[in-house]
Amino acid sequence: MTVHTPSEADQVRSALAAAAGRHFRGMARIENLVRQSGGASRQTWSFDALLEGERHALILRRDPPTNGKTDRERSVSIDRATEFRVLQAAHRAGVRAPEPLFELVSEDGLGEAYVMRRVGGTAIARKLLRDPPYAAARGRIARQLGEIAAAIHATDPSALPPLARREAADHVAGLRQSLDLLGTAQPVFELALTWLDRRKPAPLDRPLLVHGDYRTGNYLADESGVTAILDWELAHLGDPLEDLGWLCVKSWRFGAVDKPAAGFGSRQELWDAYERASGRKVDPARAHWWEVFGTVHWGVICLNQAWKHLSGSIKSMEHAAIGRRAVETEVDLLQLLKAEH
Amino acid sequence: MAQDLPTASELLTAIADFLREEATPALDRIEPRLGFQMRVAVNALAILEREGRLGPAADAREHARLVRLLGRGGTLEKLNRELARQLRTGERDESDAGLMAHLEATVADKIAIANPKWR
Chain S
1 MTVHTPSEAD QVRSALAAAA GRHFRGMARI ENLVRQSGGA SRQTWSFDAL LEGERHALIL
61 RRDPPTNGKT DRERSVSIDR ATEFRVLQAA HRAGVRAPEP LFELVSEDGL GEAYVMRRVG
121 GTAIARKLLR DPPYAAARGR IARQLGEIAA AIHATDPSAL PPLARREAAD HVAGLRQSLD
181 LLGTAQPVFE LALTWLDRRK PAPLDRPLLV HGDYRTGNYL ADESGVTAIL DWELAHLGDP
241 LEDLGWLCVK SWRFGAVDKP AAGFGSRQEL WDAYERASGR KVDPARAHWW EVFGTVHWGV
301 ICLNQAWKHL SGSIKSMEHA AIGRRAVETE VDLLQLLKAE H
Chain G
1 MAQDLPTASE LLTAIADFLR EEATPALDRI EPRLGFQMRV AVNALAILER EGRLGPAADA
61 REHARLVRLL GRGGTLEKLN RELARQLRTG ERDESDAGLM AHLEATVADK IAIANPKWR
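These protein sequences, in sequence, are chains S and G.
Numbered according to this note's numbering, the first sequence terminates at residue 341, and the numbering increases by one at each position without gaps.
Numbered according to this note's numbering, the second sequence terminates at residue 119, and the numbering increases by one at each position without gaps.
In isolation and in its complexed conformation, chain S is listed as follows:
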């Protein structure tokens, strides 16, 4: 719900004035404070901070103190403080990501929260895929996403906060556990998970920073192409091809079915750009494994979202309705398992 009481906006405004004042050292005035859509448990607010005639365009990321997360979500997503430090490391390493500026403190009363610079562009897939202003960008985005993924994976692990290491086997076990908790029989997902289990790629000697939710909808783009990678809450250490496989899951093509790379290009185009930027070859079989995995993953997330509504932890028609999207990934899985590599 975007509908918030005036008191919530007022509370956010006064906390931001205090926090921005501390960071920029001065008296800050907060203007144009707007809660962005999306994210029930994760809030994003856009605002300007005015100090001595200077205007700073900023974004607040915040987890309100109470939210409807399941234990499993809590166990895989990182907290705001860790996300802030991952973003710092990635931004310093030259990844196209918003610049994180400062964290809020518990006395600010907003829960876990931090502030970053606002970046231009839209994350709305429908606009990027169809609207005229983005025509030229559409020809670039697949390549840019390959290059940016290479930059993410090149982030120096020693600059990162402690992150969980998650390999193929952990992911497969995690999804099986999710299915058990859901308690409904899912033959197609079971088939795919057994297929995945038998073909698990070996772990890397040195795991790399994986974004964990690298897909259309989680980056901003303008007329020139991708401007910033967002939503780092699932960052972890593991196999970099996880990000490339997830990016190619059909659900993120938003109708552009014949453009596997995020709805904008071919897999080969994405891999070529990634190889040029990273100096590492992409093994197509390994990338295929991660695409199959990502497809089951999204299907199980759909079922989980519905479960949250059904169990009463979040009362939401949107959560309920998404359960019926799981079958889309079943269709995709049966196609993917036929296209064996």
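Keep in mind the hints are simulated off the structure, nothing from the lab.
In this text, a Cβ means the ideal position worked out from N, Cα and C, and glycines have one as well.
Certain hints may be false.
[As the list claims (entries may be wrong)] Partial chain S-side listing against chain G, Cβ under 7 Å, derived: (1) Ala-185; (2) Glu-190; (3) Leu-191; (4) Glu-318; (5) Ala-321; (6) Gly-323; (7) Glu-328.
Once you have looked at the hints, place chain G on chain S.
Positioned in the frame of chain S, the structure of chain G alone reads:
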């Protein structure tokens, strides 16, 4: 005694048409997020309409196929549980043509209800 017209399917379609064509544009002007949620609701009504029309026959076909595939009787839920167990343990896998034909048919029936435009 049977219900008067419209049928459940026709009534659901009339409601969805009204919400899509008249209510949603008005909501978009007032509060885009509510407009988005209305689209989700309209979409869900369309699923209900298709499920009412196609669901019972789809369930019956799935049940008949499962009885044949597994060589035993039981409720749809129980049979699917057994199939899921066999797939988890690897007793059956994608090399089984009968299994794959069953899954293809089941998923085709499900997507025809949930989202027939998906490809």
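Inset, instruction - Kindly indicate which numbered hints from before are broken by the structure, ordering the numbers from low to high. - result: 6
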